[in-house]
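Engineer: Sequence:
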Amino acid sequence: MTDKPFLYVVVCAAGVAADVSKLITAAQERDWEVGVIATPTAMNGFFDVAAVETGTGRPIRSAWRRPGDPRPFPAPDAVVVAPATFNTVNKWAAGIADTLAVGTLCEAAGLGVPIAVLPCVADALAAHPAYRDAVARLRGMGVRFGDPYAGQGEVDGGRREFGWERALDLLSDG
0 MTDKPFLYVV VCAAGVAADV SKLITAAQER DWEVGVIATP TAMNGFFDVA AVETGTGRPI
60 RSAWRRPGDP RPFPAPDAVV VAPATFNTVN KWAAGIADTL AVGTLCEAAG LGVPIAVLPC
120 VADALAAHPA YRDAVARLRG MGVRFGDPYA GQGEVDGGRR EFGWERALDL LSDG
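Numbering that gives the first Met the number 0 numbers the first residue of the sequence shown as 0 and each following residue consecutively.
Hints were generated in silico from the structure; no laboratory data involved. Some hints could be false.
When the alpha-carbon atoms are kept at most 16 Å apart in a straight line, the in silico EDC-like pairs for lysine to aspartate or glutamate are as follows [claimed, not checked]: (1) 3 - 47; (2) 21 - 32; (3) 21 - 172.
Label pairs and their calculated CB-CB ranges [said to hold, decoys possible]: (4) 68 - 160: 36 to 46 Å; (5) 42 - 21: 10 to 20 Å; (6) 168 - 67: 35 to 45 Å; (7) 94 - 160: 27 to 37 Å.
In this text, a Cβ means the ideal position worked out from N, Cα and C, and glycines have one as well.
Whole structure, please, built from the sequences with the hints as guidance.
Structural biologist: Encoded structure:
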């Protein structure tokens, strides 16, 4: 075992999830041990599962463990949700723990574990009142939200780079 703090990275089903290894590498460079929990939909081709498992040295969790099975990860010292989708943010704020990912977020928030979120939500969805209310509710619970695109210009093809490390900065700012 290691004495390094343990970071849960919760990955949701958004196109930018393909680059989640950037977050994992950045966290490891900042001396975190990392375990990944993915939404079931994210497991369906949104990122390279084998590469992430190789990078963390741990299996990705996506489903509930059976009673009596050992816990595959230690308790988290912090949690990052990136990319966080409209669906996950709304379910989490409403306490709908129907997946391991959302259940883990509900529990971590209840335990007071520091949580940083980088949303990946289309502007039209971010304007929805339910989403705005969910973000306000989660912020009221101490969850730290960041803008993964803040201050960045567009790159080739007009798409801005997702600022993965901002989630880690949010954790160190708190």
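Engineer: Now tell me if each hint is right for this structure.
Structural biologist: Quick rundown of the hints versus the structure:
Proposed proximity of residue 3 and residue 47 is contradicted: the alpha carbons are some 25 Å apart, above 16 Å. Annotation: proposed proximity of residue 21 to residue 32 holds, straight-line Cα distance about 14 Å (limit 16 Å). A threshold of 16 Å between alpha carbons decides the hint, and for residue 21 with residue 172 the separation of about 20 Å lies outside it, so the pair is violated. Look at residue 68 against residue 160: about 39 Å separates their beta carbons, and that is inside 36 to 46 Å.
Distance hint check: the CB atoms of residue 42 and residue 21 are about 19 Å apart, consistent with the given range 10 to 20 Å. Separation of residue 168 from residue 67 is about 39 Å and conforms to the stated range, judged on CB atoms against 35 to 45 Å. Between residue 94 and residue 160 the C-beta distance comes to about 33 Å, which sits within the given range of 27 to 37 Å.
In this structure, the hints that do not hold are numbers 1, 3, in rising order.
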